[in-house]
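Work out the full structure: start from the sequences and follow the hints.
Chains A and B supply the protein sequences, listed in that same order. Under our numbering, the first sequence has 239 at position 239, and the numbering climbs by one with no breaks. Under our numbering, the second sequence has 281 at position 281, and the numbering climbs by one with no breaks.
Source of the hints: derived by calculation from the structure; they are not laboratory data. Possibly wrong hints are sitting among the right ones.
Said to hold, decoys possible - Computed from the model, here is a short list of chain A residues facing chain B with C-beta under 8 Å:
{"#": "1", "residue": "F88"}
{"#": "2", "residue": "M104"}
{"#": "3", "residue": "R130"}
{"#": "4", "residue": "G131"}
{"#": "5", "residue": "L132"}
{"#": "6", "residue": "S142"}
{"#": "7", "residue": "V143"}
{"#": "8", "residue": "A144"}
{"#": "9", "residue": "G153"}
{"#": "10", "residue": "V154"}
{"#": "11", "residue": "N162"}
{"#": "12", "residue": "T165"}
{"#": "13", "residue": "A167"}
{"#": "14", "residue": "A195"}
As the list claims (entries may be wrong) - The calculated DMTMM-like cross-link candidates involving lysine to aspartate or glutamate, where the alpha carbons are at most 20 Å apart (straight line), are:
{"#": "15", "chain 1": "B", "residue 1": "K436", "chain 2": "A", "residue 2": "E279"}
{"#": "16", "chain 1": "A", "residue 1": "K101", "chain 2": "B", "residue 2": "E177"}
{"#": "17", "chain 1": "B", "residue 1": "K133", "chain 2": "B", "residue 2": "E111"}
{"#": "18", "chain 1": "B", "residue 1": "K436", "chain 2": "A", "residue 2": "D160"}
{"#": "19", "chain 1": "B", "residue 1": "K436", "chain 2": "A", "residue 2": "D169"}
{"#": "20", "chain 1": "A", "residue 1": "K101", "chain 2": "B", "residue 2": "E153"}
{"#": "21", "chain 1": "A", "residue 1": "K101", "chain 2": "B", "residue 2": "E262"}
{"#": "22", "chain 1": "A", "residue 1": "K119", "chain 2": "B", "residue 2": "E262"}
{"#": "23", "chain 1": "B", "residue 1": "K396", "chain 2": "B", "residue 2": "E364"}
{"#": "24", "chain 1": "A", "residue 1": "K101", "chain 2": "B", "residue 2": "E161"}
Just so you know, these numbers come straight off a predicted model, no measurement behind them. Glycine residues also receive a C-beta, built at the ideal position from the N, C-alpha and C atoms.
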Amino acid sequence: MTSSKKDPVLVVLQLSGAYDALNTIIPYNDPHYKDFRTVLKVEPEEVLAIDNNVGFHPSMAPIKNLYDQGKVAVIQGIGYPNPIRSHFRSMDIWHTAAPEKMGMDGWLGRAIGDMDPHKENVLTGVNFGRGLPRALATSGVSVASVGGLDQLGVLTGIEDQNQRTEALDIFARMYSPMIGSGVTNDYLSQTGLDALKGADILATAPAGYTSTVEYGGDQFSQWLKNVAQVHLAGLGSRVLYTGLNPGAFDTHANQTTAFPQLWGQVSNAVENFYQDLKEHDASQEVVILMFTEFGRRVQENGSGTDHGSGSVAFVVGDAVEGGLYGDYPSLELDKLDQGDLQWNNDFRNTYATLLEKWMGLDAKPILRGSYEQFNFIK
Amino acid sequence: MAENDIASMGHLMRRAGFGAQYHELEARAAKGYEETVEELLNPQDHPDGMDLDLAERYFIEWNHFIRGVPEYIAFRMINSARQLEEKIVLFWHGILCISDSKLQSYPTEYEELELFRHHGLGSFKDLLLGISKDPAMIYYLDNCLSHKGAINENYGRELLELFSLGVGMDGEFNYSEDDVKECARAFTGWTIANSIPQQPYGRYAAQFVYNPDDHDDGEKTFLGETGNLNGEDVIDIIVKQPATARFISRHLYNFFVADDVEVPSWMDTPPRDPETIKMLEDEYFRSDYNIKSMLRVLFNSDAFKNARFAKVKSPIETIIGTLRLVGDWTEPKPGLEFIFDEMKYMGQEILNPPSVEGWHTGKEWIDGGTLVHRINFTADSVCNTSFPGIQSIIEKLAAQGPTLSPEGLVDGCLKLLGDYEMSEETRRMLVDQNSKGGEVQTDSEEFGAKVGETLRMIVATKEYLYA
Chain A
1 MTSSKKDPVL
11 VVLQLSGAYD
21 ALNTIIPYND
31 PHYKDFRTVL
41 KVEPEEVLAI
51 DNNVGFHPSM
61 APIKNLYDQG
71 KVAVIQGIGY
81 PNPIRSHFRS
91 MDIWHTAAPE
101 KMGMDGWLGR
111 AIGDMDPHKE
121 NVLTGVNFGR
131 GLPRALATSG
141 VSVASVGGLD
151 QLGVLTGIED
161 QNQRTEALDI
171 FARMYSPMIG
181 SGVTNDYLSQ
191 TGLDALKGAD
201 ILATAPAGYT
211 STVEYGGDQF
221 SQWLKNVAQV
231 HLAGLGSRVL
241 YTGLNPGAFD
251 THANQTTAFP
261 QLWGQVSNAV
271 ENFYQDLKEH
281 DASQEVVILM
291 FTEFGRRVQE
301 NGSGTDHGSG
311 SVAFVVGDAV
321 EGGLYGDYPS
331 LELDKLDQGD
341 LQWNNDFRNT
351 YATLLEKWMG
361 LDAKPILRGS
371 YEQFNFIK
Chain B
1 MAENDIASMG
11 HLMRRAGFGA
21 QYHELEARAA
31 KGYEETVEEL
41 LNPQDHPDGM
51 DLDLAERYFI
61 EWNHFIRGVP
71 EYIAFRMINS
81 ARQLEEKIVL
91 FWHGILCISD
101 SKLQSYPTEY
111 EELELFRHHG
121 LGSFKDLLLG
131 ISKDPAMIYY
141 LDNCLSHKGA
151 INENYGRELL
161 ELFSLGVGMD
171 GEFNYSEDDV
181 KECARAFTGW
191 TIANSIPQQP
201 YGRYAAQFVY
211 NPDDHDDGEK
221 TFLGETGNLN
231 GEDVIDIIVK
241 QPATARFISR
251 HLYNFFVADD
261 VEVPSWMDTP
271 PRDPETIKML
281 EDEYFRSDYN
291 IKSMLRVLFN
301 SDAFKNARFA
311 KVKSPIETII
321 GTLRLVGDWT
331 EPKPGLEFIF
341 DEMKYMGQEI
351 LNPPSVEGWH
361 TGKEWIDGGT
371 LVHRINFTAD
381 SVCNTSFPGI
391 QSIIEKLAAQ
401 GPTLSPEGLV
411 DGCLKLLGDY
421 EMSEETRRML
431 VDQNSKGGEV
441 QTDSEEFGAK
451 VGETLRMIVA
461 TKEYLYA
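Shown next as structure tokens:
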């Protein structure tokens, strides 16, 4: 197991629910914008301008701050062929990197299998959340998935610590492989022991951690703090994954309340995370990908927006060549895709760039095809 | 009543149903094994024992945030006395797949489960006809986009590859690309009246319609038979293929008897138990493709009876089995949504299989995330001594005498869980853990908690991952 901090690390933040791309990176000088968005429009003077055409939503000041330091790549017009407006299917597509047919396994799971083919480190991939996202689920690849560093592993229902220690000791012995017990039993044993071992190692992460950064109390911020703790503990994790609860950004109604609140929370958490890494001289080791499953309808529906297609994604880090990538989709009526932003760059271009230029992997077998790459990694 | 009668009954009820509490196993064992098989195979002759009127009003399909439908399905699995009727729904749902991630219309999806409930134990031919006319399926596999002169092959292909013949058998392909095209042509015009709308336009139930104007009336050749074939004719040809008999038999075996390799390997990997598969294939043809007849042969076979704990439990089997064991949710009440989340965390969200291939089974149910969820869910459930099913286990153990030895406690719990078998090593560890205090007083205050702790360690074992 290598525990070198120098290995490039990818942090993936899944911002579920489909954030409204049009109000995230806002084409504030486009006359069509205020026509489509009479209620939801952000006034030009409030937009955190990037240039004369587009700017960040005002709730994203911390990200804008990172952008001004040249650390944020904004991938405009990101999407995939034949956009699907179902949250679940679309998220599946982002997870499996397979828009054309139903994929069974996750792109990051495949990447982890590539990085750690002999399964030397049970923590090469770590997920913070409930249930393993399909992006990380790949047959033969072991990924740790935990609800947080304060609730690790099996038999968490046992409150008495001594009793739990004893129970875990028995658990470890019960899951020890036995000779001649068959392939399935061996696999179950290994998975049980990996889960136990992963939890044991992860439990050590907070001990050596001190920071002046104070994360928010919300779950997302806490998970990002856990991501920082795990990375800084030097456990050899290469892919760290977490996100918002499913449907968080699904603002069919009351978008003016929910949307700024969510982006505020996410932006603060990301800035805190970045500052935390910087304080520990580790910000050059990590690149963050933030994405959502699709964009939202250009025409607002009253107080919210419905499901759309073309979206925007973000890549953040010291290693990132900040700036705008992809084209901003046109708001001309005849350029819209069924009333939605037309995508112009395949999300797998971004995946391929991250895999090859950042992680140093061969993207082709992982993505099962070759994709044009961006230059957003220095 | 012999001890092994309970063991066989526990096995039968775990496979043909979602498990049963000990008193039910006793009652069924008293009735007899073959009689119980007949009862399970003939649900129409027996009451389901549920207040469905109340349940249907309770778990309403309101919108996709307050789901209703998955909860209602779970409620039926937990409470129906006609356990095989619900189990066969799950069986077919995992093969003749549709998925909420595309359909986003629970009422339409539910109709397909009703089809499985009514025809799942009947003729496979009727079932194929049923799914070919099922609005959810037509939309899911794009048959509504397949037109005369412009076919969409999706349904035509999956019907052959995943629903009936399988890609190949004994190393040979079962059909050609031309057969796929001809099959798709035969099903042109089989469409739905209303396409199922994407939100936010609301949803309304779709209906099957046959549109003769959009049906390709030309001559077709499918699997060597030529004529002006329509969908019914194609199904007639499909069901008489030996490959279909093999495919269905292997699925029944994989679901009810023991984990086989994953479906994509079936072309080149022979069945794990060729004799039993042959027996099922013969019964398939003898009974005119009748699933009930195949299951009767299967459940009464030695291969089935000897296959105790040869399968990794699916997440839904785990969750529903646990809830039946502890005796929760015997009537509608708020809060059953959690069950849907548990299914997701453990990797088997009802009505939303990951792809048209269904769920991969066996050891593929288990990964680092799903294993932890599975163990924590079952462990937390069985050590909650306020549940009636756990109370009943405590009472039965207490009735054995004033004290119980560590061995007595572990063996008693294993027995009351439906005669679970542990490896000698595991059993020894469980006993050792209980040995510190020596014998336990069954009338002591801590006895209930002690039983809960023992159950908790039992369900955390590797052995308990199997059924």
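Verification of the supplied hints:
Given hint, A/F88 at the interface with chain B, holds; its Cβ is 3 Å from that chain's nearest Cβ, closer than 8 Å. The beta carbon of A/M104 comes within 6 Å of a beta carbon in chain B, closer than 8 Å, and the hint placing it at the interface holds. Taking 8 Å as the C-beta contact cut-off toward chain B, the hint placing A/R130 at the interface holds, the least distance being around 5 Å. Nearest Cβ of chain B to the Cβ of A/G131: about 4 Å, under the 8 Å cut. The hint holds.
Hint status for A/L132: holds, given a least beta-carbon distance of 3 Å to chain B, under 8 Å. Satisfaction of the interface hint for A/S142 is found here, the shortest Cβ-Cβ separation to chain B being roughly 6 Å, below the 8 Å cut-off. Because the closest C-beta pair between A/V143 and chain B is about 6 Å apart, less than 8 Å, the hint holds. With a cut of 8 Å, the hint placing A/A144 at the interface with chain B holds, because the nearest CB-to-CB distance is about 5 Å.
For A/G153, the interface hint holds, since its Cβ comes within 8 Å of a Cβ in chain B; the closest pair sits about 6 Å apart. Taking 8 Å as the C-beta contact cut-off toward chain B, the hint placing A/V154 at the interface holds, the least distance being around 5 Å. The closest approach between the C-beta of A/N162 and any C-beta of chain B is roughly 12 Å, which is over the 8 Å cut-off, so the hint fails. Checking A/T165 against chain B: minimum C-beta separation of about 12 Å lies over 8 Å; hint violated.
Restraint check, A/A167 versus chain B: the minimum CB separation of about 7 Å is within 8 Å; hint holds. Interface restraint check: A/A195 against chain B, minimum CB-CB distance 5 Å, threshold 8 Å, status holds. Restraint check for B/K436 and A/E279: the C-alpha separation of about 50 Å exceeds 20 Å, so the hint is violated. For the hint linking A/K101 to B/E177, the alpha-carbon distance of about 18 Å falls within 20 Å, and the restraint holds.
As the CA atoms of B/K133 and B/E111 are separated by approximately 11 Å, the hinted pair is consistent with the 20 Å bound. At most 20 Å may separate the alpha-carbon atoms for a hinted pair to count; B/K436 and A/D160 meet this at roughly 17 Å. Restraint check for B/K436 and A/D169: the C-alpha separation of about 15 Å stays at or below 20 Å, so the hint holds. Distance hint between A/K101 and B/E153 is fulfilled; the C-alpha atoms sit about 13 Å from each other, no more than 20 Å.
For a cut-off of 20 Å, the pair hint linking A/K101 to B/E262 stands: about 19 Å separates their Cα positions. Annotation: proposed proximity of A/K119 to B/E262 is violated, straight-line Cα distance about 23 Å (limit 20 Å). Under the criterion of a C-alpha separation no larger than 20 Å, the hint pairing B/K396 with B/E364 is inconsistent with the structure, at around 36 Å. The hinted pair formed by A/K101 and B/E161 meets the criterion: a straight-line CA distance of about 15 Å does not exceed 20 Å.
Violated hints, listed in ascending order, are 11, 12, 15, 22, 23; each of the other numbered hints is respected by the structure.
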